[in-house]
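*Asks:* Using the sequences and the hints given, assemble the complete structure.
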Amino acid sequence: APSQEIMRLAGDKAFTVELCASAEKAAGILSASAKGIIAIFDLDRLDLDERYFRQLPKIPSHCLLGLSHSPFHPDLKEAIGRHLIACLRKPIDTDELRFLLDSFAKNGCAPE
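Position in the sequence shown (first residue = 1) + 1286 = our numbering.
Hints in this document: simulated from the structure, not taken from any laboratory.
Bear in mind that the values here come from a model prediction, so they are computed numbers and not experimental data.
We put the beta carbon where it would ideally sit given N, CA and C, even for glycine.
Keep in mind that the hints are not guaranteed to be accurate.
[Stated by the list, open to error] For each label pair, taking beta carbons as the anchor points, the in silico distance ranges come out as:
#1 Gly1394 / Gly1297: 18 to 24 Å
#2 Glu1382 / Ala1300: 17 to 23 Å
#3 Ala1309 / Pro1360: 18 to 24 Å
#4 Arg1337 / Asp1298: 33 to 39 Å
#5 Glu1364 / Gln1290: 26 to 32 Å
#6 Gly1297 / Asp1335: 19 to 25 Å
[Unchecked claim] List of simulated lysine-lysine pairs, PhoX-like, C-alpha gap at most 20 Å:
#7 Lys1376 / Lys1321
#8 Lys1363 / Lys1299
#9 Lys1321 / Lys1299
#10 Lys1392 / Lys1376
#11 Lys1321 / Lys1344
#12 Lys1344 / Lys1311
#13 Lys1344 / Lys1363
#14 Lys1321 / Lys1311
*Replies:* Written out as C-alpha cells, the structure is:
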C-alpha cells in the first residue's frame, strides 16, 4: 500500500507519518502538538474541498501530502499549491518520494 511505502522510506527521518483516512482523523492528527508530521491525504478516497484545507491548522513542522491516481484535481488546485506540499501519483515513485522526504528533512515543510 502507498502509505506503507511512505512509512518505510520515512523510517530514518525525524517524522511521524500519518495516513489521514478521514477529515475528522486529519483534524485530530494536525491539532496534536507533535513535531514533524507528514500527513497523507488520499485524494481518491476522501471528499475534500478548498474550504476543508483552509480551515486546517497551519503548523510549519507538518507536511501535508496528497496521493492520487489522477494527475489533475481542478477542484483542489488552490489547496495543492497552498496547503499540500505535493501530490504524489499512485503507484508511488520511490525515487520521487525519497527526494521529497530528504527535502522535508533538510528544508522543513513550508510550500515554496
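*Asks:* Each of the hints needs a verdict: does it hold here or not?
*Replies:* Checked hints:
1. At about 19 Å, the CB distance of Gly1394 to Gly1297 agrees with the hint of 18 to 24 Å.
2. Distance hint for Glu1382 and Ala1300: a CB-CB separation of about 20 Å, consistent with the stated range 17 to 23 Å.
3. About 20 Å separates the C-beta atoms of Ala1309 and Pro1360, a value consistent with the hinted range of 18 to 24 Å.
4. The hint said 33 to 39 Å for the Cβ distance between Arg1337 and Asp1298, and at roughly 36 Å that hint holds.
5. Range check, Glu1364 to Gln1290: about 30 Å between beta-carbon atoms, so the 26 to 32 Å window is met.
6. Range check, Gly1297 to Asp1335: about 33 Å between beta-carbon atoms, so the 19 to 25 Å window is missed.
7. For the hint pairing Lys1376 with Lys1321, the CA-to-CA distance comes to about 27 Å; that exceeds 20 Å, so the pair is violated.
8. Between Lys1363 and Lys1299 the CA atoms are separated by roughly 29 Å; this puts the pair beyond 20 Å, and the hint is violated.
9. For the hint pairing Lys1321 with Lys1299, the CA-to-CA distance comes to about 12 Å; that is within 20 Å, so the pair holds.
10. Restraint check for Lys1392 and Lys1376: the C-alpha separation of about 25 Å exceeds 20 Å, so the hint is violated.
11. At most 20 Å may separate the alpha-carbon atoms for a hinted pair to count; Lys1321 and Lys1344 meet this at roughly 13 Å.
12. Distance hint between Lys1344 and Lys1311 is fulfilled; the C-alpha atoms sit about 16 Å from each other, no more than 20 Å.
13. For a cut-off of 20 Å, the pair hint linking Lys1344 to Lys1363 stands: about 18 Å separates their Cα positions.
14. For the given pair, Lys1321 sits about 17 Å from Lys1311 by alpha-carbon distance, which is consistent with the 20 Å threshold.
Of the hints listed earlier, those the structure fails to meet are numbers 6, 7, 8, 10, in rising order.
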